[in-house]
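*Asks:* Generate coordinates for the entire structure from the input sequences, incorporating the hints supplied.
Protein chains in written order, with the working numbering: chain A, 1 to 300; chain B, 1001 to 1173; chain C, 2001 to 2775; chain D, 3001 to 3150.
None of these hints come from the bench; they were simulated from the model. There may be inaccurate statements among the hints.
In the DSSO-like style, the derived pairs of lysine-lysine whose C-alpha atoms are separated by at most 27 angstroms in a straight line are [said to hold, decoys possible]: (1) C:Lys2556 - C:Lys2568; (2) B:Lys1162 - B:Lys1101; (3) D:Lys3002 - C:Lys2141; (4) B:Lys1162 - C:Lys2427; (5) C:Lys2170 - C:Lys2305; (6) C:Lys2030 - B:Lys1029; (7) B:Lys1145 - C:Lys2643; (8) C:Lys2643 - A:Lys282; (9) A:Lys243 - C:Lys2444; (10) A:Lys282 - B:Lys1145; (11) C:Lys2444 - A:Lys282; (12) C:Lys2568 - C:Lys2555; (13) C:Lys2556 - B:Lys1162.
For the chain D half of the interface with chain A, some residues (derived, Cβ under 10 angstroms), not all of them [to be verified]: (14) Ile3052; (15) Gly3053; (16) Val3055; (17) Lys3056; (18) Gln3060; (19) Gly3061; (20) Arg3062; (21) Leu3065; (22) Ala3083; (23) Gly3084; (24) Leu3116; (25) Gln3131; (26) Asn3134; (27) Gln3135.
Where is the CB? At the ideal position from N, CA and C, for every residue including glycine.
Read off the chains here:
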Amino acid sequence: MITEPFEYHSPTTLEEAWQAMAETGADGKIVAGGHSLIPIMKLRLASPKYLIDIGRIEELRNIREEDGRIEIGALATHYQIEASDLLKRLCPLLPETASEIGDVQVRNKGTIGGSLAHADPAADWPAAILALEAEIEARSARGSRSIKAADYFLDLMTTALQPDEILTSIRVRAMPPHTGQAYLKLHHPASGYAMVGVAACVTLTESGAVAKAAVGLTGAGAKAVRAVAVEEVLSGKSPTNHKLDEAAAVAAQGLELNSDLYASAEYRGHLARVYTRRALAKAVERARGASSLQPVAVQG
Amino acid sequence: MADGKRALTGTVERREIPALKIRINLNGKWRDDDVEPRLLLVHYLRDVAGLTGTHIGCESSICGACTVLVNGDAVKACTMFAVQANGAEITTVEGLATNGKLHPLQQGFWEEHGLQCGFCTPGMIVAAHQLLKRNPHPTREEIRKGLQGNLCRCTGYQHIVKAVEWAVENKEQ
Amino acid sequence: MAIAILGERIKRKEDPRLIQGRSHYVDDFKLDGMLHMAFARSIYAHARIKSVDVTAAEKMPGVMAVLTGADLKGKLGLVPCAAGMEGLKVPDHPCLAIDEVRYAGEPVAAVIATDRYLARDAAEKIEVDYEPLPVVVNPEKAIEPGSPLVHQKLGDNLAFVAKLEGGDWKAIEADTSLKVVKQRLVNQRLAPASMETRGVIASYSPGEDMLTVWSSTQIPHILKTQLAIMTGLDEARCRVIAPEVGGAFGSKLNVYGEEGVACFASRMLGKPVKWIEGRRENMLATIHGRDQINNVEIYVQPDGKVMGLKCWIIADLGAYHQLLTPAIPTLTALMILGCYNIPNVFVETKGVFTNKMATDAYRGAGRPEATYIIERIMDIAAREMNMDPAEFRMKNFPQPKEFPLALPTGVTYDTANYQKALKKLTKISGYAKLRREQEKLRKKGKYLGLGLSTYVEICAMGPSSRMPAGGWEFGSVRIDPTGKVTVLSGTSPHGQGEETTFAQIVAEGFGIPYDDVTVFHGDTGMVPLGIGTFGSRTTAVGGTAIHNAVEKLKKKMARIAAPKLEVKPGELIFESGKIQTKDGAKSVAFGDIVAEAIFAKQLPPGIEPGLAEQFVFEPPNYTFPFGAHLAVVEIDAETGEVKLRNYYAVDDCGRVLNPMLVDGQIHGGLAQGIGQALWEDHVYDENGQLLTGTLMDYAMPKAHQFPWFETSGMETRTPVNPLGVKGVGEAGTIGSTPAVVNAVVDALSQHGVRHVDMPLKPEKIWRILNQPMSA
Amino acid sequence: MKIEGAYSIAAPRETVWQYLMSPESLAHALLGCEKLEPAPDGSFQAVLKIGIGAVKGTYQGRIELADVVPPVSYRMKVEGKGAGGFVSGEGTLSLSADNQGGTKIQYSGEAQVGGLIASVGQRLVQATARQVVNQFFQAFSKQVLSPSAK
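*Replies:* Right, here's the structure in full:
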């Protein structure tokens, strides 16, 4: 499998990248880690005439925190996130999600920005990004803008990014006190993609009721979605087993579910419910175990 | 509306693409080459640099036969262009032995019969190398997870796990 | 230095080059002026080729030639099929399709260019105009009247019908006390998916008129003969080299059209031509395994003794015959009785053409299907008889003293002790304790399943009278003037480790250090004769040839040594680098006799100088390794996910020459057999499009999916060869598939589940668990 | 692969039918349609650029209408091929009045995907088909309802 010929650009600043994008227009394509794009190029299902490799724009590689706001550069690799002590402390959902992506080699090279820009319907990040209510920073020569996770995923491999924009970073808030997070998925036995993946963030009140629940669902349909109905059932309620069941029951509500060789739409709907239930339960358990000073650590 | 400039076959007309200069530190030695941008790193290693120990198994970044270390990180060389590795330090299976002495992992694979046809072995050893760098004392479970990106059709993996354990126990040898 | 080498855990001779990446697989060779070949393949499962337009491809940079079926017609022979049986229909199988394509992935045109990228670019430019034709994918539908025909000329899609019958069916059918237990079983299509895909370099030198071919093959000698026939060259002008081969599992026990095209192109262009298969091509157009539908029924006495078995096999052969395609399902019939002394048998096998890639030998080749059939139906019957599956099996095993045992299928099992294997298994696994645990968990609503499988397989292929093209094997042993030994084998191992095992045989025989022995194989220019590596035959048949050549040499050396020591040759033994009397009182150094024989200064009269002997071993029978496996599974009732929790295996492959290598073979086999049960499935849609074209979709097992295999052995030697070796290459694959399925069905049995077809995907299990409980 | 569904447009059936029968209108609604021209045999020749995220391909094809019953229904046969393989399908489109005084377009058909796309993209094929159809109807209805129309 060999790609079609292309011209290669390797900007070291965003400005250079924008310029290359402007010059190449629709014939150009940005590549970061390459783990979404290069396989498709090798199949010749994508054959950009110009490849703009943003992998050398060092400023996009950092993970940093300021006043409880965490910024993850688009070029941060899945492994970088998986191994980040900062994130394990402040937003453990991200390392936990990262650890479920592909395999070690893929995590070493693949980037969060690349994955989100590609928006594969079975990718893991979208679930976490939605559950964390992250903001996606898109920058172009025109300026920068922040896109809410909920507004970002439009359709199958289609995002709110404009053709001249580069996804530069993802911003999330540090996990508030009494919060638990969890990401669970059923792996496709070959590709490792999520047949269904569920990210849950649950914040409890002092009395143990659900102050806020946020659930992101990937793999089920053409794009990742926020399971709003699930969240509504839980909001303000005590997360009893019964309540979690009730909430999970509506996980697949209103979704147009995918169906493929490995899982029918009906089964995916079922998985969405089961995994939502399990992710919620795990998040609640962690929230209960977490004190305000010491957010829960991710379990292996 | 029709854009007359486009080829209709879905493929781009072949154009003359200038070769690019790349400089790569391969197993400790710098080398300079002119490469076509689309040249995959694995083909660069095998066909240009003549290091055929790195193999091509699946071409879809699943099997890991092409695993090499790029700046110390295990990556699948079939899913990376050589130009992307410009300036990088690359270690292939050929670069693991030092002064003719096998790396403990290589020795472990030999001692514990961690290979049969040997085709997946270089990638498997490089992936195991990465694993032990990050986790010097992995459990069996962790070894298996650490090698999730490497397929072997011959061994059933058990002797590979033992090979990695051998390397852990005999690191200093 | 008196080391007993045979039976020892000895590190492999093959490994130093492999672990350092210094070995050479086909793609690692670079020849001067080498060209690269790429194929354009059919995107339809069945279509008429209206035209192939290669003009754009020919104009592409670097392109030296573009070939189509029309260019080869009459100039390059057809892809051969060696399997014959009465009434077998053998359709023409051109190397490149002519007029019609019959499966998705069939090669239509080849581009030869100066580099592999340019070859691919040009292949993409080949325009084929197809007229789609009706497709048949389902083999049961293919033999219904009115089905679309894969080969119009043949009149129907039935390639053959073979019947095998033994015993007295009238008595059985009249016996109303017998309980008839029936089941329909599907053995799904699999991809062999060796890690190295296929590959070939054909290099024709016009001056010498010599064709040298490097091919990733299991059968260099057969390939040489067939390529000579296909190209029309004298066989003496052809040499085939199987360099390092990165796994094969039967898929390279073949002669492929691409190999023929590479030879043709090299002859046409006078340059070496390399073709390396891509993984997608490998999934599409390298032979597939299994793919049978089996309707089985057994007749059981009230006491649990099974009196008869009937089975109707529909084998999906795909669109064309590859080398052994039609022969594979006949092995299923041959081994369908498994380890049970069932006196009456009837098997009807129908080989059916469909618009899919050919099936052929894949690890086990016909026997995994047989074992699956008998082990599933035995389990189902045990449940219906309210007997524990272990007890039910015991009831039907023949006694060890009954061996050699002639079965109504026409085969004679050499030696076995099935009872001992099963007892050992139940002991090491704590079977009784596991059953108690199962009971406890059931009460808590948890699903734990135990699955047994006791298998026997047919190995050491095999007597020439029963083989398509010879079942003997060649070995030669030469002692060089330095006293070191060079061994040549006609087998072609590719991971099994026979460079090591053969060296062990020779070192043990001569009583010399293992390091003094070097083994070569896989080069027809070096090894004069050979059949190849498949059917767990390499050590049992090929090793015996070497062993016997060693014995010939020892006789000769003893004749030279005896007069010196003033003893009779028969009194001498070879040990610790010496040729000596049994009590060690008189001895002469091995090297001294070597020098004597080779420099021939004072050889006794009548003895030829030199120490080189060869032996062609013709096995008198197959061998029949056996074993007992137990799988323990847990099922997540909510999602249907199956977790293989434990796996225990007791395997008896006859005498063990190197336990480490035997373990390795068992482990690998287990992984493949478990893979079939749980994950692997090579799926075509109803239009004949392959849906699992990459390893992103085809689920090859990974390291984290397995528990620790608890394996242990037994050694029941065979009298079929002097080594007592039976063969182990396929055992794990054969035993494990039914064990896992039996375990899952066992777990679900409380739900009234009788059978689930493979692979046991979570959705299937979930659906079953969500059906209302049957009574 | 079965493709079926329904789409409602707040416009009278005759209007919708008119648009559905107009090559220009269809070409506009088909995202990436670069050409849609009537051929002498009554069919249409089409060139369609399909782009789903990074995956882009150009398809050349043929669209044929049969059993045309104005303004009620027609059968449509589509064949297309491109670098990634081929797509072919056949289905029926039928129009009926919906409850809100608009028109309901019901479609139902079988599509076949072959070659590369089938063997590497099966997990995405259904979602892709759905997206192409949805995009078509969205664009189509926008066009029917746009003030400049008619």
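*Asks:* I'd like to know which numbered hints this structure contradicts. Please list them from smallest to largest.
*Replies:* 13, 18, 19, 20, 21
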